[in-house]
Amino acid sequence: MDTERLLAQLLCQYENTPGGLLPLLHAVQEDLGYVPPESIPAIAEVMNLSAAEVHGVISFYHDLKTSPVGRHTLQVCAAESCQAAGGRALEHAAQEQLGIGFGETTDDGSVTLEKVYCLGNCACSPSVRIDNETYARLDATGLTALIANIGQGEGAS
Amino acid sequence: MSQRFFIPRDTTAVAVGANEVANTLAAVLSEQVSEATIVRNGSRGAFWLEPLMEIETQGERVGFGPLFPEDVADIVALSPADRTEHPKYLGKLEEHPWFAGQQRLTFARSGLDDPLCLDAYLSRHGFDGLEHALHLPPEDIVDEVTRSGLRGRGGAAFPAGIKWNTVLQAAGDEKYIACNADEGDSGTFADRLLMESDPYMLIEGMTIAGLAVGAQQGYIYLRSEYPHAWEVMHTAIAKAEAAGYLGEGICDSDRQFHLELRLGAGSYICGEETAMLESLEGRRGVVRAKPPLPAIEGLFGKPTVVNNVLTLAAIPTIMAGGAEAYAALGQGRSLGTITLQLAGNIKNGGLVEVPYGATLRAVLDQFGGGTRSGRPIRAIQVGGPLGAYLPEPLWDTPLDYEAFAAAGGMLGHGGVVVFDDTVDMAQQARFAMAFCAEESCGKCTPCRVGSVRGTEVMDRIIARESLDENMALLDDLCETMELGSLCAMGGLTPNPVRSALQYFPEDFA
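Chains as they are written, first to last, in the working numbering: chain A, 1 to 157; chain B, 158 to 666.
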């Protein structure tokens, strides 16, 4: 389905949802991978908001993106529980192993690296999340193995 | 001989390898002739024992853990009589010292069954509280909650009954129940565990809240960092609706309550109740000035009960067992049970539910098992990123809201993050400021600007530049944030900073 038709369908779905802007933006991002800036005027009109208000909401939340990100997202927990269990070293290892900084995407477009403040997995810190799976009690070696596995299976799809 | 095997499916169990254990078990069982089923239950919260496997044979259920996939075949091959000899044998989990020392009310069912099995929930007193509440006038439900002494478990510890009464007395037909499931504090995972292991309990608690204050619509605001909790809650709401426990005509009565799950988008401040309401309304998660209180003018400007997951999940127990039984536990004005989450550098991490009143040291001695690194504990941060770092002499503080406040700390949402003696407290103080700068909503200047300046001042202190001047400046900044911030984020960020300075001055010298 092309972007315009998809957007029209989603706008229809959330038009009358009370406080529906955030669920709508999530749905757009779920389908397109990000919220295209050119879609903001249409979203604003249907939700009876100004484009500035929609832009304000998108820019407020860490999860919402206005440009494409990697096919996979690696989040490294940078909060206190993980710090207490070796998380700071893991933050460095992740950047070193991927050769990128936080907020950046690898050149081949496969992985975006992010910091996250708590995955709620604190009894087995330190933790990372890759897409929707969380991994616990990690060290640099464990992280290497996870990163090596990220791209696998992509060729088939 | 039919057997049932239980392997937890919650986030943490899966993160340490429960799916691999379950897959191996399925392969091993497929080669056997005897009847066996695998149940993917929720976790009991003893995460240091995960991946855990329990085997139920003729009504008796024993556990093994923590397991590697290669342990599975050996354990399955054992006859029930020979199981006790296995090095990973744990016996009946209820009799294991780690559980026997707890008093579980809210987490009594956690980890026993498939969390989405309604029949299992019903067989363990599920919806008893709701059935009782359906026969009571709203005032009596609120009265029961008030007499139980239940206080908000999200951190602020406001008496739930008083909040509910304010919403009940507020004028208007349109009211809301908003459940705060934006569990952002590091070191906490109780909300997640409850939603992933016993989701109907939260649904029941919210429905009772709806009956109590006259609200017909509820929202759960769930953080996006919890994708498994989202799936479980989403399915649980659909199943509860289909079975008549949500929607129109609850349990064949003429009452209704609708429940919608909403997803956050990665923002710590949305755990603050007014920022959460803004976010639920589809706006930036910017804190509102109070008054008006959300109980008077909350979601969409209507009277709203905003409670944490654990507060609402305590309601079914109170309604089914009575306020007096609940209030008989705990001490002073901290009644019932506290859910502590042992985290950080800890050997036996997991969820511990005990009556209020025990000391932090006693709980750590009984359940914690020391640090995972094997080094001495140096500091413990209780109550999340806004909580104080407590040195050894303060570990004798009883787990009680007033006692903790008197000691300069706070219980918050019950997170207990343990640090060993390699921690650099100056770095932790810097992080507190940097985290506030990252997550501030930006509405008030002391928080928005103070945290950025605080990070810069901490950088200079760490570099030992003009120490006296910068220490004085930091003190000044902390005072400005404490007195001038609109909400707890800016107001309490000085807690970890000041406690690090006060109790661990050697790291700043």
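Hints in this document: simulated from the structure, not taken from any laboratory.
Ideal placement from N, C-alpha and C gives every residue a C-beta, glycine not left out.
Be a bit skeptical, because a hint or two may be false.
Here's a subset of chain B near chain A, in silico, CB distances under 8 Å, partners left out [said to hold, decoys possible]:
(1) Thr168
(2) Phe346
(3) Tyr425
(4) Asn502
(5) Val575
(6) Asp578
(7) Leu624
List time: in silico SDA-like cross-link candidates among lysine to any residue, alpha-carbon distance up to 25 Å [stated by the list, open to error]:
(8) B:Lys504 to A:Gln13
(9) B:Lys396 to B:Lys249
(10) A:Lys65 to B:Gly565
(11) B:Lys504 to A:Leu64
(12) A:Lys115 to A:Pro41
(13) B:Lys600 to B:Glu622
(14) A:Lys115 to B:Ala277
(15) B:Lys249 to B:Leu291
(16) B:Lys600 to A:Ala44
(17) B:Lys600 to A:Thr141
(18) B:Lys600 to A:Asp131
(19) A:Lys65 to B:Lys504
(20) A:Lys65 to B:Leu418
(21) B:Lys447 to A:Gly86
(22) B:Lys396 to A:Asp63
(23) B:Lys396 to A:Pro23
(24) B:Lys600 to A:Gln13
- Query: Broken hints, numbered, in rising order?
  - Reply: 6, 7, 8, 9, 10, 11, 12, 13, 14, 15, 17, 18, 19, 21, 22 and 24
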